[in-house]
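Undergrad: Residue numbers (my numbering), protein chains in the order written: chain D, 83 to 430; chain F, 83 to 430; chain A, 83 to 430; chain C, 83 to 430.
For the record, the hints were derived by calculation from the structure and aren't laboratory data.
Any given hint could turn out to be false.
Stated by the list, open to error - The calculated BS3-like cross-link candidates involving lysine-lysine, where the alpha carbons are at most 27 Å apart (straight line), are: (1) D/Lys186 - D/Lys196; (2) A/Lys309 - C/Lys207; (3) D/Lys186 - D/Lys137; (4) C/Lys221 - C/Lys207; (5) C/Lys333 - A/Lys333; (6) A/Lys309 - C/Lys221; (7) D/Lys309 - F/Lys333.
These are the residues of each chain, in order.
4 protein chains.
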Amino acid sequence: MLKVAILGGSGYTGFELLRLLLSHPEVEVTAVTSERSAGLLISDTFLHCRNPHLKFESLNLKSLAKKADLFFLCLPHKASQETVAFLYNAGKKVIDLSADYRLKSARVYSEWYKIPHRYSPLLKKAVYGLPELYRKKIKKASIIANPGCYPTSAILGLAPIMGEDFVSTNTIIIDSKSGTSGAGRSPAQPFMFCEVNESVKAYAVTAHRHTPEIEQELSALKKENFKVIFTPHLIPMDRGILSTMYVPLRKKISLSNVQKLYHQFYRHEPFVRVLQNGRYPATKSVKSSNFCDISIFLDERSRRGKTLIIISAIDNLIKGASGTAVHNMNIMSGFEETAGLMSTPASP
Amino acid sequence: MLKVAILGGSGYTGFELLRLLLSHPEVEVTAVTSERSAGLLISDTFLHCRNPHLKFESLNLKSLAKKADLFFLCLPHKASQETVAFLYNAGKKVIDLSADYRLKSARVYSEWYKIPHRYSPLLKKAVYGLPELYRKKIKKASIIANPGCYPTSAILGLAPIMGEDFVSTNTIIIDSKSGTSGAGRSPAQPFMFCEVNESVKAYAVTAHRHTPEIEQELSALKKENFKVIFTPHLIPMDRGILSTMYVPLRKKISLSNVQKLYHQFYRHEPFVRVLQNGRYPATKSVKSSNFCDISIFLDERSRRGKTLIIISAIDNLIKGASGTAVHNMNIMSGFEETAGLMSTPASP
Amino acid sequence: MLKVAILGGSGYTGFELLRLLLSHPEVEVTAVTSERSAGLLISDTFLHCRNPHLKFESLNLKSLAKKADLFFLCLPHKASQETVAFLYNAGKKVIDLSADYRLKSARVYSEWYKIPHRYSPLLKKAVYGLPELYRKKIKKASIIANPGCYPTSAILGLAPIMGEDFVSTNTIIIDSKSGTSGAGRSPAQPFMFCEVNESVKAYAVTAHRHTPEIEQELSALKKENFKVIFTPHLIPMDRGILSTMYVPLRKKISLSNVQKLYHQFYRHEPFVRVLQNGRYPATKSVKSSNFCDISIFLDERSRRGKTLIIISAIDNLIKGASGTAVHNMNIMSGFEETAGLMSTPASP
Amino acid sequence: MLKVAILGGSGYTGFELLRLLLSHPEVEVTAVTSERSAGLLISDTFLHCRNPHLKFESLNLKSLAKKADLFFLCLPHKASQETVAFLYNAGKKVIDLSADYRLKSARVYSEWYKIPHRYSPLLKKAVYGLPELYRKKIKKASIIANPGCYPTSAILGLAPIMGEDFVSTNTIIIDSKSGTSGAGRSPAQPFMFCEVNESVKAYAVTAHRHTPEIEQELSALKKENFKVIFTPHLIPMDRGILSTMYVPLRKKISLSNVQKLYHQFYRHEPFVRVLQNGRYPATKSVKSSNFCDISIFLDERSRRGKTLIIISAIDNLIKGASGTAVHNMNIMSGFEETAGLMSTPASP
């Protein structure tokens, strides 16, 4: 059994990760930290926790380093910078769910996060943990920068065609709709029930921090630096991200050929489902699962040229965070890739 | 008191219209038809109905024509075609909330609605009932084609700039998110609570019937025929439409100049609120009201050229249907334009 | 025009009160206080506010006293104690929406609210502002203690039979289900969207502060002191309270006779609707209205004796707070009782 | 591997059962029937279905009988009567999720379900499948009448004290709040999103068919025939039942003693969690799990005697239907009781 620890286990992401790990056949959770819940028994919250003596504990890196071989970090960005460095230097494997090691450029990081990156040499060691793109590198990595929720939905939706010459990068639009769990568990007026319920609105237009992450990965696939327009919206539901992506085309293509590219690209992927022609992804169809559903549509009406409309759906807490973290662990540790992750979407 | 009748009063739109008319100072509702509820007292449903003897009745045009001077039609498309013609020929004023008289071209109508238009000469008589654009024509009209909900949100969002030369029509994208009341009241599996709740999905991609209506009106404003991409989404809430619109630009502009255009264009409009820079429209902010909230953003990051991002929010049952119908009646009848329509959004 | 002021106008109750008053034909809102929003224009929030210069201001009693003749207090309990006293001594009329003047006994007050009542002599001056019970006293009152939301639903549901000898007071059970707006607008983790959504739970079992208020009024009607069991539940919706009440019977009665008592009791009441036999109140049927819907059922199956099951539905923010406050003002000021309150429930 | 079949697999309960069985380590699903979806591949819906050739098929009992040894019936009541008989006579084990074999008395059955029971001799063979009460009988049974959702929540909440002499049966009240999935998947106007959302209401007051089932089991525990009052309510959420139960007492008891009885009664039960004093069950805390959470409160304020308030929470589709069905199968087949059922509640 692999010994793992979760640092920051009392937020929605940490909680979901613990839930997944507790039913994982190959791991033992040996420590879970939470400043908020330190001292409380984990089995009080998680009835079938296999270790009835395990308690939430405070974040003491020295003693934690002795308890596990692989660490999941669900800490806020900035706090992760140093913790990753400490654990890496202690010879541990780290899967960091914060944004701290996702951007390859320390300059871009400080531009969007408004703080310097104090461990920039480590950025080169970190692998962007999207298994569908970086499986081989993940296998050998010591530091995984687990992708953001919006970027996961966008990159998986666009990856199969980014290398194709029919794709114009002028201008790709990503219009995303997210459930409210993405906003975290800390009390804040805009996320109170009566504010979110029965409403939909956009936020952080042209300014969301997931934008450079999407651009970094799509640019790498396209082998060309370019910008995208990313507009997130808040939806009155707990979980799920639906991204509707508009891709302008440089030349004529047929819808069925594009669909074939997607089926081909993801043919061996256990968690990406390219839907049949005309079917619509819905966040409920992937709820509580590690699946990403994708559909491709072609607008042939608009004037010069045409536009591809790609729609993807994920569960933001699983495929968009904790599920992919477990997926990365499986790859790094030589476990079956799907171990602990094959639960069917729960609907309704 | 103006005598008015509602034909098709037991759906969500008809019900909302009745609600608005019952608190209107200048009208008397003399008949409400409903095949479903024929024979039931209206005051059973609407406690303070000022006519305690009024019952839902069956749709009998001959007898109805004697009861009112202005008719609101909340009938399904196709059924409205003939009813409008009958009432027009009987010298009545008609406000048709169906799609039957919105499209100027009978050919485009039959292409999208899959039936012929049997009263195409009347299409020229019908005025597209968006007061912000056609106030003068509405004043003299006998037939009003009341706009669709999505088109209202899109056209109001884009009208102030369509005549500007910095706007490129290649390709304008309208990504709309709608509450579920737009789907009507008839039972259907996809709109059952457990299917809609906790989910978001797109539908009718590249194929929604409101597309040609949006294109007709934007093309008229631009004085150039062009197509748009319109993608509707279903949101787990009762009411509201948020439209996020992406407009490519032909030349450089400043955000504040565009905002000035909007403030200028709507400066005398009682129901359109152009929000301050940086504020976000939310459907909850216009719930149960006749307001349309609009914000303008400018993306300056994307490669060649820039993109305007316009966001508008309306209540689909009021500004997107029954409220505008009352607004049209007010204009046609010389009432104060805002009569019966100034209720403040109810939040939460 | 009656000059009125709202003290504490930025919570959900204050906001709803302002909304109602802005469409009231007989009043002018001359001041609205809010520590949170002091200095902001009210017309920024309320577009059609008839006084475009009015701003949210800080709570300065001396200057406020000059601005209005009737004051609505939407302050937290405890803060209201002194403010009511000040305004009363200044010769103003006060409608206090807090709990501070509802309980006749200062001892009971301090037992449940854990603070002394420092103005207990004024308790005798205060009239419990439930118009269906105290219309005559309200007319002459200077201090109105506006009822709590749960008590309104419970007392209206039980009042018509409390004087009947078939009612046993051993033990009346009130099981209430409330939307989340009752919890107020301040951020708190238990009322975050992801905590409330998709869940239902009881809270404050045997310990909710509305219990003594219900008991005081029911005991007065019964002319006998007794206790009830009151269990509130939190429901994932914005507005509405449904109370299901179980009343044990001392002797046999027929359902239709009880229904007649209810129809008789409320026959002149504009806001209470006793539903037809077999119909169910639903919070959606009274949403955004000042109505209280009531149905009566009789369980004839349970062993010895029988049990009446009374169900009532109100909008907690209107009939359960601000609507009744306006109703009280109408009565105190000699306005038409229904002025500003006859909006039909908005559904969906 | 045990071969099992699901008859009626396309409703919410059948779907959830299939989801649970697909991740169960000891069974193979060899057939799933659905008139609606006959001919469609199951793996189209359930990606990781371990049998990629399995299709939804029509209900043909003769051919089905050869395919499996244990059958789950998710058919409507009445249809189940005959199917159970056929399979029983064919020597198969049957777990019937309908109501057809739950009531021991054919007379009571026909009184509530308005049809005769044509296989009443089989009623004696059927075991009421609530493992916490009938584990030993379930082990040897061939026909399991799987409990209803409301009865599960009520019986588990009351079982530990029914044998105690401090409990009065005059009159126990069960006030239940249920999510909407309990109403099934077939389209019906009252369960449309816009009807259920933002509303709560009671239904079937004094007349719900789960009443005799609750009475049968509580009477058996009490060794005395008595009636209860059961009031179900519809809540705007997908899953979950919260039952608030009011139990009058014959003599004084202490809360802590009652809590001890509960802890004692359920000490070996893997799926019942008696919460700590003062904690509240919430449906979200058991969502997507087979757990039943229970809390006990004591009202000491009400006049003569006192009242126990018991609150229980379950997921209606799992502990209230499919999870218990799997639990019964595990017991009948000698599998580990918790096999396939230990998923932690998913929250949010």
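Undergrad: Could you tell me which of the numbered hints above are not met by this structure, giving the numbers in increasing order?
TA: Per hint list: 2, 3 and 6 violated.
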